[in-house]
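Trainee: Sequence:
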Amino acid sequence: MKLPKWLEEKYDLLWDKFEDREFRSTEALEILGKEHLIDEKSLSAAISEMRKKGWIETRKDPDDERRRIYMLRPKSEIIQDYLTLKDDKLGRADIERILKGAADLIRTRVDYKFILVLLFMKQMSDKWMMEYQKAYEDAIKEYGLSEEEARLEARNSAYHDLDIKEEYLWDNIRKDVENLPIKFAGALKNLAELNPAFKDVVDAFDFVEFTQSQENREILRQLVELFSEKKLTNVDPDILGDAYEWILRYFAPTKAKEGEVYTPREVIRLLVEILDPKPGESVYDPASASNGMLIISHKYVKETYGEAERLFLYGQEVNRKTMALGSMNMYIHDIKDHHIAHGDTLLYPKFKESDGIMRFDVVIANPPWNQDGYGEDTLKKGDYWRERFRYGFVNKQSADWAWIQHMIASAKDDGRIGVVIDNGCLFRGGREKSIRSAVLEDDLIEAVILLPEKLFYNTGAPGAIIILNKDKDEERRGKVLFINAGEEYEKHPEVRKLNILSDGNIERILEAYREFQGDDGFSRVVDLDEIRENDYNLNVPLYAFPEEELEDIDVAGEWMRLSEIEEELAEVDERIRGYLDELGYMGVKM
Numbered sequence: 016m017k018l019p020k021w022l023e024e025k026y027d028l029l030w031d032k033f034e035d036r037e038f039r040s041t042e043a044l045e046i047l048g049k050e051h052l053i054d055e056k057s058l059s060a061a062i063s064e065m066r067k068k069g070w071i072e073t074r075k076d077p078d079d080e081r082r083r084i085y086m087l088r089p090k091s092e093i094i095q096d097y098l099t100l101k102d103d104k105l106g107r108a109d110i111e112r113i114l115k116g117a118a119d120l121i122r123t124r125v126d127y128k129f130i131l132v133l134l135f136m137k138q139m140s141d142k143w144m145m146e147y148q149k150a151y152e153d154a155i156k157e158y159g160l161s162e163e164e165a166r167l168e169a170r171n172s173a174y175h176d177l178d179i180k181e182e183y184l185w186d187n188i189r190k191d192v193e194n195l196p197i198k199f200a201g202a203l204k205n206l207a208e209l210n211p212a213f214k215d216v217v218d219a220f221d222f223v224e225f226t227q228s229q230e231n232r233e234i235l236r237q238l239v240e241l242f243s244e245k246k247l248t249n250v251d252p253d254i255l256g257d258a259y260e261w262i263l264r265y266f267a268p269t270k271a272k273e274g275e276v277y278t279p280r281e282v283i284r285l286l287v288e289i290l291d292p293k294p295g296e297s298v299y300d301p302a303s304a305s306n307g308m309l310i311i312s313h314k315y316v317k318e319t320y321g322e323a324e325r326l327f328l329y330g331q332e333v334n335r336k337t338m339a340l341g342s343m344n345m346y347i348h349d350i351k352d353h354h355i356a357h358g359d360t361l362l363y364p365k366f367k368e369s370d371g372i373m374r375f376d377v378v379i380a381n382p383p384w385n386q387d388g389y390g391e392d393t394l395k396k397g398d399y400w401r402e403r404f405r406y407g408f409v410n411k412q413s414a415d416w417a418w419i420q421h422m423i424a425s426a427k428d429d430g431r432i433g434v435v436i437d438n439g440c441l442f443r444g445g446r447e448k449s450i451r452s453a454v455l456e457d458d459l460i461e462a463v464i465l466l467p468e469k470l471f472y473n474t475g476a477p478g479a480i481i482i483l484n485k486d487k488d489e490e491r492r493g494k495v496l497f498i499n500a501g502e503e504y505e506k507h508p509e510v511r512k513l514n515i516l517s518d519g520n521i522e523r524i525l526e527a528y529r530e531f532q533g534d535d536g537f538s539r540v541v542d543l544d545e546i547r548e549n550d551y552n553l554n555v556p557l558y559a560f561p562e563e564e565l566e567d568i569d570v571a572g573e574w575m576r577l578s579e580i581e582e583e584l585a586e587v588d589e590r591i592r593g594y595l596d597e598l599g600y601m602g603v604k605m
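Going by this note's numbering, the sequence shown wraps up at 605, each residue one higher than the last.
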């Protein structure tokens, strides 16, 4: 039911003028053009979005069949429709029950990612059918088409987010139980042919190979039946998106042993709130994986500023299967305005403008920690290496500062940068120290945050967050804020060996960052001169270390207490000896 704030404002302006009377696009353009400087193309997009959500009705203009006449629906009527629909909606518990059933089916026997693919394909198919039904009814009601003409019209790609050949819709696939692997493989191929943005899904998931064994064929059959229980059309995108994230998180401990990295969403949330992306800005993740950084940025802007339609999201990922998961994750979260590219970011960044790399308002990432193999000779084989690595080259053992330099080069002149990185890059010597000192001397580092240990599934080591700002506020120049959040955690409610950042932990860190002051062991603002004296060491405990409260001890009182205890023990000993004497055990050695 709900419209984005920017779209609801347009609805309200039109309602003030026309209420439930009919109007033409020229009349709407006259109203909205004055208030919002909207053009004809933007008006068409706004009306199309309102129509999809049921806020506006259309019919042919009797004077010109190429044009339409519009009429707004009253909010009271829309709310009633929503309440009726809400009764049929699947809730969070319904979706989690299905996913837990799927997780129990596969356990660790097969790749959990096939659950995500099936969830994506089921939601995609159900949504296509919902769009088809709406277009079919509109074609009969508004355009006066026959049923056959309406069916043909409703198949038009203009009415659908994604093109799908009808034989590959979910209900048609599941009818042919014997050929499920071939049908799903054909559906993925068809998806890629009609929707090039999803070509990597085909490359990443092979249903035929997956079901070579009889056991896996049976698992696939059971998964299909499980997902067929409910329609996913009436599920809120946030709930469905959270369900997708639930699967990623559920299998993260197991997959961490195989090298997969899952960034805890509370760590991303902390980073996003610090960087504060805004409508109209661009956000770039050069190591985007499942796109968690971009999705949470979108969610943050939507919740904080009321709309996220003008937030421009960019990501690059080197692993095709992981990239495919990220593309599906975006679709399930109903995030359309995004650009995800495949490739090795450190060598071949894909987003370019004029004769260099593209630059963004916000650059955010959790790149691979201590990635090896990116020494000077290797990086010089890549694109734009002079522009991106102007502070120097890293050694072959750790690319941490190569990632940070790429992120600096990818930020606009007033851009903000946030990176989750291995704690060791804050104080290691050699080439890393040379790069670190140059970045500090350019006054780019605004804050360094030490995270608690055991936050990440693939390592128990504490990570760190480095915040860089190319346009620091005047009072922050020549200074770095150190926050020691090593003790800011709670025990993970599901994974015994892990910790998490609670809402309270996050808020305390955010407050320290925003206030940019303190000298209490938790946070401290340090002049660059002091960092120079420490040989450009950014190890957080060197500057902010919580002091243990020392307990005053009454030595005389404690001595008296110890004497009393010794007297009590002597009395007990004497009593026991008496009991033993009575029982005839005087020969027992005490």
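Hints listed in this document are in silico derivations from the structure and should not be mistaken for laboratory results.
This one's a predicted model, so the numbers in the text were calculated from it and none came from an experiment.
Here a beta-carbon is modelled for each residue, glycine too, at the ideal position from N, C-alpha and C.
Take these hints with a grain of salt, some might be off.
To be verified - Here are the simulated distance ranges between beta carbons: (1) D550 x L120: 49 to 57 angstroms; (2) K190 x E64: 15 to 23 angstroms; (3) E573 x L455: 46 to 54 angstroms; (4) L362 x W261: 15 to 23 angstroms; (5) L584 x R122: 19 to 27 angstroms; (6) E224 x D79: 49 to 57 angstroms; (7) K156 x R232: 40 to 48 angstroms; (8) D191 x L362: 38 to 46 angstroms; (9) K190 x D486: 30 to 38 angstroms.
What the hints assert, rightly or not - Calculated cross-link-like contacts (lysine-lysine; reagent style BS3-like; alpha-carbon spacing at most 27 angstroms): (10) K142 x K314; (11) K198 x K214; (12) K90 x K214; (13) K149 x K90; (14) K128 x K56; (15) K68 x K469; (16) K156 x K204; (17) K214 x K156; (18) K351 x K149; (19) K396 x K314; (20) K469 x K487; (21) K396 x K56; (22) K469 x K506; (23) K336 x K293.
Trainee: All hints, please: hold or fail.
Mentor: Each hint tested on the structure:
Taking 49 to 57 angstroms as the suggested C-beta distance range, the pair D550 and L120 conforms, at roughly 56 angstroms. At roughly 35 angstroms, the beta carbons of K190 and E64 sit outside the given window of 15 to 23 angstroms. Checked against the hint of 46 to 54 angstroms, the pair E573 and L455 passes, with Cβ atoms roughly 49 angstroms apart. Distance hint check for L362 and W261: the Cβ-Cβ separation is about 34 angstroms, which falls outside the suggested range of 15 to 23 angstroms.
At roughly 56 angstroms, the beta carbons of L584 and R122 sit outside the given window of 19 to 27 angstroms. For E224 and D79, the hinted distance range of 49 to 57 angstroms is satisfied, since their beta carbons lie about 55 angstroms from each other. Look at K156 against R232: about 45 angstroms separates their beta carbons, and that is inside 40 to 48 angstroms. For the hinted restraint 38 to 46 angstroms between D191 and L362, the CB-CB distance of approximately 44 angstroms keeps it satisfied.
Between K190 and D486, the C-beta spacing of about 59 angstroms breaks the proposed range 30 to 38 angstroms. This hinted pair checks out: K142 and K314 have alpha carbons roughly 22 angstroms apart, not beyond 27 angstroms. Restraint check for K198 and K214: the C-alpha separation of about 17 angstroms stays at or below 27 angstroms, so the hint holds. Between the alpha carbons of K90 and K214 the distance comes to roughly 41 angstroms, so the proposed pair goes past 27 angstroms and is violated.
For the hint pairing K149 with K90, the CA-to-CA distance comes to about 20 angstroms; that is within 27 angstroms, so the pair holds. Pair hint K128 plus K56 does not hold up; C-alpha atoms about 40 angstroms apart against a cutoff of 27 angstroms. Our distance criterion of 27 angstroms between C-alpha atoms is broken by K68 and K469, whose separation comes to about 44 angstroms. Taking the CA atoms of K156 and K204, the gap is near 35 angstroms; set against the 27 angstroms cutoff, the hint is violated.
Between the alpha carbons of K214 and K156 the distance comes to roughly 37 angstroms, so the proposed pair goes past 27 angstroms and is violated. With a C-alpha separation of about 21 angstroms, the suggested pairing of K351 with K149 holds against the 27 angstroms cut-off. About 38 angstroms separates the Cα atoms of K396 and K314, which puts this hinted pair outside 27 angstroms; it is violated. For the suggested pair K469 and K487, the alpha carbons sit about 32 angstroms apart, so the restraint of at most 27 angstroms is broken.
For the proposed pair K396 and K56, the alpha carbon gap of about 44 angstroms is over 27 angstroms, so the pair is violated. Straight-line distance between C-alpha atoms of K469 and K506 comes to about 10 angstroms, which keeps the hinted pair within the 27 angstroms bound. About 30 angstroms separates the Cα atoms of K336 and K293, which puts this hinted pair outside 27 angstroms; it is violated.
Hint compliance for this structure: hints 2, 4, 5, 9, 12, 14, 15, 16, 17, 19, 20, 21 and 23 are not met, and every other hint is.
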